[in-house]
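Residue numbers (the numbering used here), protein chains in the order written: chain A, 1 to 331; chain B, 1 to 331.
Do not rely on the hints blindly, as some may be mistaken.
What the hints assert, rightly or not - Simulated crosslink set (DSS-like; lysine-lysine; CA at most 30 Å straight-line):
id: 1; chain 1: A; residue 1: K301; chain 2: A; residue 2: K31
id: 2; chain 1: A; residue 1: K301; chain 2: B; residue 2: K93
id: 3; chain 1: B; residue 1: K304; chain 2: A; residue 2: K82
id: 4; chain 1: A; residue 1: K304; chain 2: B; residue 2: K301
id: 5; chain 1: B; residue 1: K155; chain 2: A; residue 2: K135
id: 6; chain 1: A; residue 1: K155; chain 2: A; residue 2: K31
id: 7; chain 1: A; residue 1: K96; chain 2: B; residue 2: K135
id: 8; chain 1: B; residue 1: K301; chain 2: A; residue 2: K155
id: 9; chain 1: B; residue 1: K31; chain 2: B; residue 2: K155
id: 10; chain 1: A; residue 1: K301; chain 2: B; residue 2: K155
id: 11; chain 1: B; residue 1: K304; chain 2: A; residue 2: K155
id: 12; chain 1: A; residue 1: K155; chain 2: B; residue 2: K286
id: 13; chain 1: A; residue 1: K155; chain 2: B; residue 2: K82
id: 14; chain 1: B; residue 1: K245; chain 2: B; residue 2: K135
id: 15; chain 1: B; residue 1: K301; chain 2: A; residue 2: K82
id: 16; chain 1: A; residue 1: K155; chain 2: B; residue 2: K31
id: 17; chain 1: A; residue 1: K106; chain 2: A; residue 2: K135
id: 18; chain 1: A; residue 1: K230; chain 2: A; residue 2: K155
id: 19; chain 1: B; residue 1: K135; chain 2: B; residue 2: K155
id: 20; chain 1: B; residue 1: K31; chain 2: B; residue 2: K200
id: 21; chain 1: B; residue 1: K230; chain 2: A; residue 2: K135
id: 22; chain 1: A; residue 1: K82; chain 2: B; residue 2: K135
id: 23; chain 1: A; residue 1: K155; chain 2: A; residue 2: K96
id: 24; chain 1: B; residue 1: K155; chain 2: B; residue 2: K96
id: 25; chain 1: B; residue 1: K155; chain 2: B; residue 2: K304
id: 26; chain 1: B; residue 1: K304; chain 2: A; residue 2: K96
id: 27; chain 1: B; residue 1: K135; chain 2: A; residue 2: K135
id: 28; chain 1: A; residue 1: K106; chain 2: A; residue 2: K96
id: 29; chain 1: B; residue 1: K96; chain 2: A; residue 2: K135
id: 30; chain 1: B; residue 1: K230; chain 2: B; residue 2: K215
id: 31; chain 1: B; residue 1: K82; chain 2: A; residue 2: K304
id: 32; chain 1: B; residue 1: K155; chain 2: A; residue 2: K304
id: 33; chain 1: A; residue 1: K301; chain 2: B; residue 2: K82
id: 34; chain 1: B; residue 1: K96; chain 2: A; residue 2: K301
id: 35; chain 1: A; residue 1: K96; chain 2: B; residue 2: K301
id: 36; chain 1: A; residue 1: K301; chain 2: A; residue 2: K155
Calculated from the structure, these hints are not laboratory results.
Protein chains: 2
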Amino acid sequence: MAAQDNYVGLDVGGTTMKAAVVTGAGRPLSKPVVMDTNPERGQDEGLETMCETIRRAVAAANLTFTNIAAIGVATPGLMDIKAGLILDPPNLKPWKNVPVRDHIAKAFGLPTAYQNDANAAAYGEFWVGAASDVKSMVLFTLGTGVGGGIIIDDKIIEGEHSHGGELGHVRIAMPDTGRQCGCGARGCLEAYGSATNVVKRAREDMACWRGPASKLRDYYTATDEDFTAKVIFRYAADGDELAMKVVDDTAYYLALGACAVMATVDPEMIVFGGGMVAAGEWFRSKIGAYVNRYGLPFPTKSVKIAFASLGSDAGFIGAAGCARMLVQRKQ
Amino acid sequence: MAAQDNYVGLDVGGTTMKAAVVTGAGRPLSKPVVMDTNPERGQDEGLETMCETIRRAVAAANLTFTNIAAIGVATPGLMDIKAGLILDPPNLKPWKNVPVRDHIAKAFGLPTAYQNDANAAAYGEFWVGAASDVKSMVLFTLGTGVGGGIIIDDKIIEGEHSHGGELGHVRIAMPDTGRQCGCGARGCLEAYGSATNVVKRAREDMACWRGPASKLRDYYTATDEDFTAKVIFRYAADGDELAMKVVDDTAYYLALGACAVMATVDPEMIVFGGGMVAAGEWFRSKIGAYVNRYGLPFPTKSVKIAFASLGSDAGFIGAAGCARMLVQRKQ
Numbered sequence: 001m002a003a004q005d006n007y008v009g010l011d012v013g014g015t016t017m018k019a020a021v022v023t024g025a026g027r028p029l030s031k032p033v034v035m036d037t038n039p040e041r042g043q044d045e046g047l048e049t050m051c052e053t054i055r056r057a058v059a060a061a062n063l064t065f066t067n068i069a070a071i072g073v074a075t076p077g078l079m080d081i082k083a084g085l086i087l088d089p090p091n092l093k094p095w096k097n098v099p100v101r102d103h104i105a106k107a108f109g110l111p112t113a114y115q116n117d118a119n120a121a122a123y124g125e126f127w128v129g130a131a132s133d134v135k136s137m138v139l140f141t142l143g144t145g146v147g148g149g150i151i152i153d154d155k156i157i158e159g160e161h162s163h164g165g166e167l168g169h170v171r172i173a174m175p176d177t178g179r180q181c182g183c184g185a186r187g188c189l190e191a192y193g194s195a196t197n198v199v200k201r202a203r204e205d206m207a208c209w210r211g212p213a214s215k216l217r218d219y220y221t222a223t224d225e226d227f228t229a230k231v232i233f234r235y236a237a238d239g240d241e242l243a244m245k246v247v248d249d250t251a252y253y254l255a256l257g258a259c260a261v262m263a264t265v266d267p268e269m270i271v272f273g274g275g276m277v278a279a280g281e282w283f284r285s286k287i288g289a290y291v292n293r294y295g296l297p298f299p300t301k302s303v304k305i306a307f308a309s310l311g312s313d314a315g316f317i318g319a320a321g322c323a324r325m326l327v328q329r330k331q
Numbered sequence: 001m002a003a004q005d006n007y008v009g010l011d012v013g014g015t016t017m018k019a020a021v022v023t024g025a026g027r028p029l030s031k032p033v034v035m036d037t038n039p040e041r042g043q044d045e046g047l048e049t050m051c052e053t054i055r056r057a058v059a060a061a062n063l064t065f066t067n068i069a070a071i072g073v074a075t076p077g078l079m080d081i082k083a084g085l086i087l088d089p090p091n092l093k094p095w096k097n098v099p100v101r102d103h104i105a106k107a108f109g110l111p112t113a114y115q116n117d118a119n120a121a122a123y124g125e126f127w128v129g130a131a132s133d134v135k136s137m138v139l140f141t142l143g144t145g146v147g148g149g150i151i152i153d154d155k156i157i158e159g160e161h162s163h164g165g166e167l168g169h170v171r172i173a174m175p176d177t178g179r180q181c182g183c184g185a186r187g188c189l190e191a192y193g194s195a196t197n198v199v200k201r202a203r204e205d206m207a208c209w210r211g212p213a214s215k216l217r218d219y220y221t222a223t224d225e226d227f228t229a230k231v232i233f234r235y236a237a238d239g240d241e242l243a244m245k246v247v248d249d250t251a252y253y254l255a256l257g258a259c260a261v262m263a264t265v266d267p268e269m270i271v272f273g274g275g276m277v278a279a280g281e282w283f284r285s286k287i288g289a290y291v292n293r294y295g296l297p298f299p300t301k302s303v304k305i306a307f308a309s310l311g312s313d314a315g316f317i318g319a320a321g322c323a324r325m326l327v328q329r330k331q
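Start from the sequences, fold in the hints, and give me the full structure.
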C-alpha cells in the first residue's frame, strides 16, 4: 500500500519529547505521545527514545509506517540544520554531534526533515495556526528564554549557520546599558521579554516601587519560589499597579523586538507564543499599541500582531509540516 | 532576431538616474548613461526621462532593443514593489503613485522588473560583486542615510509592505535614550551610522573632547561646510585621536546593526557599501572586531564582513540582475 498524506512530527525538548501523526491538512490524528528525553543517559539512548516516540505516535494514530509519507524532527539549537546534526545544545547535555536526521531516516526508511524547534513552531503556526492566512510571518516564543522563527513564502529562514530567527538575541538596548542576558551578552530581547526576566524585572521594580500599595509586593518576597510571570499577569489583570507596570514594560520590550523584525524582513504578521499569551487580548493590544508608536510608519499601518493558536503542539505540528514540505518538494 | 542575454538596468535617484546595458554575466556594456531626475518637473516628465535614459543606454552599448531581453528599474521608497508603483518617496517629491513598471514595460514592449534601489544594489553585489561567492548576504548602504537589502538563496527579501531590508531603521538603542533619527524615531542605526550622523557625532565629540590636541578640532568649527565624513576618516587614518574615536564609534554602531541581522536572518556575508568604505581594510577590520565581540558566538565565527565592490554601479547592475531573474523565472 502506498504511503498516504500523513506525517510524523517529533519535537524534542530538554525534558520531554512529543510526537504525533499529522495529516496533510495539519490535523493531528491523536494526542501527542510524550516521553522523557533524559539527555543525561547519553545520545544513543536519546536516539532510541526518539524512534520509540515515533513508533508509539504511529500506533496511537492506529496506523502503520506504510501509511506515513515522511517524518519531521525538531530539536533545540545549537545544530546544523543542513547537515541534520544536533551539535552541542545547552538543553541536551552531554549530547554532541548527533546525526539525528540520518539516524531517523535510516531507522524507518522514510524521508526525514530536520529543523530547529522554534522554526518548526513558527512553521506550525504558519501552516495551520494563527498565521495560516498570511504569506509571511515571524514568531516570538516566550518561555524560559525567547526563541523565534521566520517564514517567508512557505520558506523557513534557517540562516547560513542555522541561527536564522534567533530573535531572543536581537538587541533592543546597547551593550553598555542593556540588561545582562543568559547568553553572556547584554541588551538581548530575552533579557527583557522572557518569562524568567519578567519575574526578575518585577523583583527589581518591587525594590524601588513608590506607587500605590501593591498586593503583588505584599505577597511576594525576593525569595518566593511561586513568584512566576503567570502570577504577575494575573495581578496585572486584577489592576495591581506594580504588576501592570511590569506587564506594560514587557509589552514595550516585545514591541521593540517586533519593530526590529519589521525593519529587517517586514512580515505580514508577527505572532507571539508561550505562556504569557494566555493573558489574552488586553496584552496583545498593549504590544500592538507600542508597535504603532515605535514601528516604521508604513508597514506598521498594516502589520498584524497576533497570539499563537497551537500552544505547545506547534512544534510537532510544524515538524510534520516540514516533513510534508520535504516530500512535496521532491515530487 | 531573438532577444539576447542582455538587460537594461536603470537606477533612479532623487538627483540623477543612471542606466546601462548589462550582460547575463553581469558585465556593463558601457559606462552608465546619467540624466538629471528633476522630480520637481512632475512625474510624467520623470517617466519620459526614464525611457530616454534607457534608450540612450541601449544606444551607448551599440545595440537595439531587439538585443534586450528585459529591463530592470530601481527607485527609492516609499514604493509598492509588487504593484510596480512609486508611492510617495521623500526624494522624488511631488511624485505620487507612479506606475513605473507598467509604463516602462508598455513603452518598450519588454518584461520589466521593479525593485527598491537598496535592494537592487544588494542584488548587484550578490550577483557579481563582493558577495558573488556566497548564498546569502545583507548589504548596508552608508550615505546621507543608511539603507539595506537582504538576499537569501537568490531571492530578495522585499517584505510584505516593500520594507524588507530597511536596515537604517533597525534600532540599536532604546527610544528613550537613542539618538534622534531623520525618520522621527529615536535609536535607529541611521541616527548613528550615516555619513550625516558621523559628522554630527564628530561635532558633539569635539565640543567635549578632553583628549590630546586634535587637528580635526583645530581646523573645523561647528559651522564649517567642508566638514564631511570623508575628512574625519582621513584625519583618523593620520592618527588624530578625536577623529579615531569618531571612526571607532562608527564601527561599533555598524557592528551592532550587523549583529541585529545576524540574529534575524543569519547571512553568510554582511557587506557595507557607500563612501565610508573607501577607508579600506583598517575600517573593515574595526567593524569585524566589534562583530566578534557583540555578535552571537556561533555564527560570528564564520560570518564574512566585507566592503562592497561595485561602488555606485551596484544599483543599475542589480536592477539588470532583477530583470534577468524575471525572465529566467518565466522561462
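Going straight from one Cα to the other, do K96(A) and K135(B) come out at no more than 30 Å? holds, 27 Å
CA of K155(A) to CA of K286(B), is that 30 Å or under? violated, 34 Å
CA of K135(B) to CA of K135(A), is that 30 Å or under? Holds, at about 23 Å.
Taken at face value, is the distance from the CA of K215(B) to the CA of K230(B) at most 30 Å? holds, 15 Å
Assess, step by step, whether the Cα of K304(B) is no farther than 30 Å from the Cα of K96(A), and give holds or violated. Holds - the C-alpha atoms of K96(A) and K304(B) are around 26 Å apart, at most 30 Å.
Under the criterion that the straight-line Cα-Cα distance not exceed 30 Å, is the pair K155(B), K96(B) satisfied? With Cα atoms ~28 Å apart, K155(B) and K96(B) stay inside 30 Å; holds.
Within 30 Å, alpha carbon to alpha carbon, are K301(B) and K155(A)? holds, 25 Å
So if I understand the rule, the pair passes when the alpha-carbon distance is 30 Å or less; does K155(B) with K135(A) pass? Given pair K155(B), K135(A) holds - Cα atoms ~15 Å apart, limit 30 Å.
Given the hinted pair K31(B) and K155(B), is their Cα-Cα distance within 30 Å? With Cα atoms ~27 Å apart, K31(B) and K155(B) stay inside 30 Å; holds.
Would you check the hint for K31(B) and K200(B), treating anything up to 30 Å between C-alpha atoms as holding? violated, 35 Å
Is the straight-line distance between the alpha-carbon of K301(A) and that of K82(B) 30 Å or less? holds, 18 Å
Is the hinted pair K301(A) and K155(A) satisfied, with a Cα-Cα distance of at most 30 Å? Roughly 25 Å separates the two Cα atoms, so the pair holds.
Of the numbered hints listed earlier, those contradicted by the structure are 1, 4, 12, 14, 16, 17, 18, 20 and 21.
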